[in-house]
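Dock chain U with the ligands against chain R, hints included.
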Amino acid sequence: MIFDSKIIYNKKISENFYHLKLKIKKNLVPLPGQFVNILIDDSCDIFLRRPFSIFNYENEKLEIVYKVIGKATKILSSKKKGETINFLGFLGNSYLDFISNNDNTSNDIILLGGGTGIASLNFLCQWLKNKKYKFTLLYGAKTKKEIFFLKNFKKFNTIFTTDDGSYGNKGFITHYLEKIVNNNSLIFACGPEPMLLTIKNLELKNKIYASFESYMGCGFGVCLSCVIKVKTDNNGFEYKRVCKEGPVFDLNSVILEKD
Amino acid sequence: MEINTTVKIGKLILKNPVMPASGTFGYGLEYKNFFNLSELGAIVTKGLSIIPVKGNKPQRLIETSSGILNSIGLQNIGVENFINEKLPELKKYKIPIIVNIYGKTIDEYIRVAERLSEVNIDAIEINISCPNVKKGGIQFASDKKAIKKLLYNIKKIYTRTIIVKLSPNINPVEDIAILCEEYGADSVSLINTLQGLAIDIIKRRPVLSNIYGGLSGPAIKPIALAMVHKVYKKVKIPVIGIGGIMTYKDAIEFLIAGATAIQIGSANFRDPLTCIKVIDGIKNFMKLNKIDDINLLIGTLNY
Ligand SMILES: Cc1cc2nc3c(=O)[nH]c(=O)nc-3n(C[C@H](O)[C@H](O)[C@H](O)COP(=O)(O)OP(=O)(O)OC[C@H]3O[C@@H](n4cnc5c(N)ncnc54)[C@H](O)[C@@H]3O)c2cc1C
Ligand SMILES: Cc1cc2nc3c(=O)[nH]c(=O)nc-3n(C[C@H](O)[C@H](O)[C@H](O)COP(=O)(O)O)c2cc1C
Ligand code: FES
Numbered sequence: 001m002i003f004d005s006k007i008i009y010n011k012k013i014s015e016n017f018y019h020l021k022l023k024i025k026k027n028l029v030p031l032p033g034q035f036v037n038i039l040i041d042d043s044c045d046i047f048l049r050r051p052f053s054i055f056n057y058e059n060e061k062l063e064i065v066y067k068v069i070g071k072a073t074k075i076l077s078s079k080k081k082g083e084t085i086n087f088l089g090f091l092g093n094s095y096l097d098f099i100s101n102n103d104n105t106s107n108d109i110i111l112l113g114g115g116t117g118i119a120s121l122n123f124l125c126q127w128l129k130n131k132k133y134k135f136t137l138l139y140g141a142k143t144k145k146e147i148f149f150l151k152n153f154k155k156f157n158t159i160f161t162t163d164d165g166s167y168g169n170k171g172f173i174t175h176y177l178e179k180i181v182n183n184n185s186l187i188f189a190c191g192p193e194p195m196l197l198t199i200k201n202l203e204l205k206n207k208i209y210a211s212f213e214s215y216m217g218c219g220f221g222v223c224l225s226c227v228i229k230v231k232t233d234n235n236g237f238e239y240k241r242v243c244k245e246g247p248v249f250d251l252n253s254v255i256l257e258k259d
Numbered sequence: 260m261e262i263n264t265t266v267k268i269g270k271l272i273l274k275n276p277v278m279p280a281s282g283t284f285g286y287g288l289e290y291k292n293f294f295n296l297s298e299l300g301a302i303v304t305k306g307l308s309i310i311p312v313k314g315n316k317p318q319r320l321i322e323t324s325s326g327i328l329n330s331i332g333l334q335n336i337g338v339e340n341f342i343n344e345k346l347p348e349l350k351k352y353k354i355p356i357i358v359n360i361y362g363k364t365i366d367e368y369i370r371v372a373e374r375l376s377e378v379n380i381d382a383i384e385i386n387i388s389c390p391n392v393k394k395g396g397i398q399f400a401s402d403k404k405a406i407k408k409l410l411y412n413i414k415k416i417y418t419r420t421i422i423v424k425l426s427p428n429i430n431p432v433e434d435i436a437i438l439c440e441e442y443g444a445d446s447v448s449l450i451n452t453l454q455g456l457a458i459d460i461i462k463r464r465p466v467l468s469n470i471y472g473g474l475s476g477p478a479i480k481p482i483a484l485a486m487v488h489k490v491y492k493k494v495k496i497p498v499i500g501i502g503g504i505m506t507y508k509d510a511i512e513f514l515i516a517g518a519t520a521i522q523i524g525s526a527n528f529r530d531p532l533t534c535i536k537v538i539d540g541i542k543n544f545m546k547l548n549k550i551d552d553i554n555l556l557i558g559t560l561n562y
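Note that the protein sequences, when read in sequence, are chains R and U. Position 17 (the first sequence) corresponds to 17 in the working numbering; numbering is contiguous. In the working numbering, each number is its position in the second sequence, counted from 1, plus 259.
These are computed hints drawn from the structure, not numbers from a lab. Computed from a predicted structure; not experimentally measured. Any given hint could be a false lead.
Output of the computed footprint for chain U on chain R, the stretches with three or more beta carbons under 8 Å from beta carbons of chain U [to be verified]:
{"id": "1", "stretch": "40-51"}
{"id": "2", "stretch": "152-166"}
{"id": "3", "stretch": "207-218"}
C-beta: ideal position from N, C-alpha, C; glycine also.
The shape of chain R in the complex, shown without the other chains:
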């Protein structure tokens, strides 16, 4: 589906992070884990759209949180209230595909997020909270400055860690995962690939679902640019599309680059 949505606001929230809120007029509701693919400008200078996870959706308002890292995100950060943003949505699968109805009886859902990966997990947190699931969020950042919406995340059962100890615990979140995990914990993760690899290397017996990022040409399944290797039964692998079969995959089924 193609959306043309008005910007409600597009605010700087910390050094390089921005928070974009859009008014949605269509009768479609996104699910946690899904993403949108935004057309950045009308000229062909930035030819491809850019994918961003959904940070939140409430009362026909869609939010994303993004980090300015290059030319497209720079242009995005200059857009003003009232301007229209064209995007494709709501794309990909959802974390919810992996939560069965009986899971809310156990109190053992663990979410781990690092960097901008926290965006899609926030939406999942909101959903879990509304449905009265019990969960723990492990939120990792390089420094305190890179933790955004601190207040918002404090509402949840959140353990903060920073690489330099400037806020919360010092160290990596994967370390805390080992401390709190038990046999029936269901784990969701979103973050940079080295983080996912560290989680994988813990060799936990738990079900772990992770959201992946890859370079996208279309975002809706036609260009086959965004593929990652997923194990098949016969010890082989097949390429699956992060934009279509993903972005959420069973972490242990994915063959990571440095595996």
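Just chain U with the ligands now, kept in the frame of chain R:
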């Protein structure tokens, strides 16, 4: 004003000259949530081979100035899965289906064409920009003998419309077009992507894992237009123009240069409605300029 946008490519009758380019439209069905597929002149599928192909290692694609560079590596589900899983639904749209095909050997091309003939596919578009493993990996596109043999054999088993998709990396492209006409191709389509390279200056490595990729998008449009025009002047069979088409204006340039129909590739990634917008744009242009038949535009470049 009544306008006629119907064009003919071999035995195919297209109600308008606009179709997607292979590899940018999946197997067609991926776009059904965006618009009614029956509006298209025809559907062109991703390149199919005799058995499924995994494709290249990522990274497979990178944005470049006004375009993209890709090395997908012709990943596809194989002709049999296409026939079983995609074709039945695709046929419901009642528009011509053009299946793009390729092989690693002449025999593989023939086997794909044979299967498609059995299920009454309206047209095949033969992608010759692939390496021939039996000849040390040199591209079919640069091997006149192989092209002759390919066409000669495919004509024997496939009697509907045959389009040969030409590579811009082989010069002069007109020579190959003439050869295709001589050996019974009903049409030639051009251009496929131009070879290119993108470099990560920190790692000093190619961005694409395959090293080289194929360039497409607005960056290649002037090259494509020139090639289409040169080929148009040398052959009588209809030419299908491809390369960097983003708007109806681009499409009309190709028609004037000599293309009977056009294909839209990379633009679909930016705007999945491009094909529909181009169709509408062409119709409006014709009305505004009092052109009642699209065929009156084709090949009218004057100088
Ligand atoms: C499913 C998904 C969800 C994402 N969610 C978020 C999010 O919530 N917040 C956030 O800040 N970022 C998110 N990203 C990353 C975001 O898409 C990139 O930061 C953005 O595209 C950078 O564009 P640029 O032009 O500013 O940077 P560039 O200078 O063009 O590129 C810098 C890097 O950005 C990435 N990138 C560039 N183009 C693309 C593309 N077409 N597809 C995918 N990656 C690309 C590449 O890794 C590249 O090396 C997500 C990516 C994916 C695939
Ligand atoms: C991602 C991608 C995949 C492609 N796959 C194929 C293919 O399978 N077979 C083929 O003949 N051409 C393929 N092409 C080439 C296009 O059909 C077209 O010739 C080329 O992209 C130029 O048109 P454009 O500038 O409108 O994109 C592909 C192009 C792209 C960008
Ligand atoms: S981004 Fe095009 S198939 Fe996934």
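If any of the earlier hints don't hold here, list their numbers in rising order.
2
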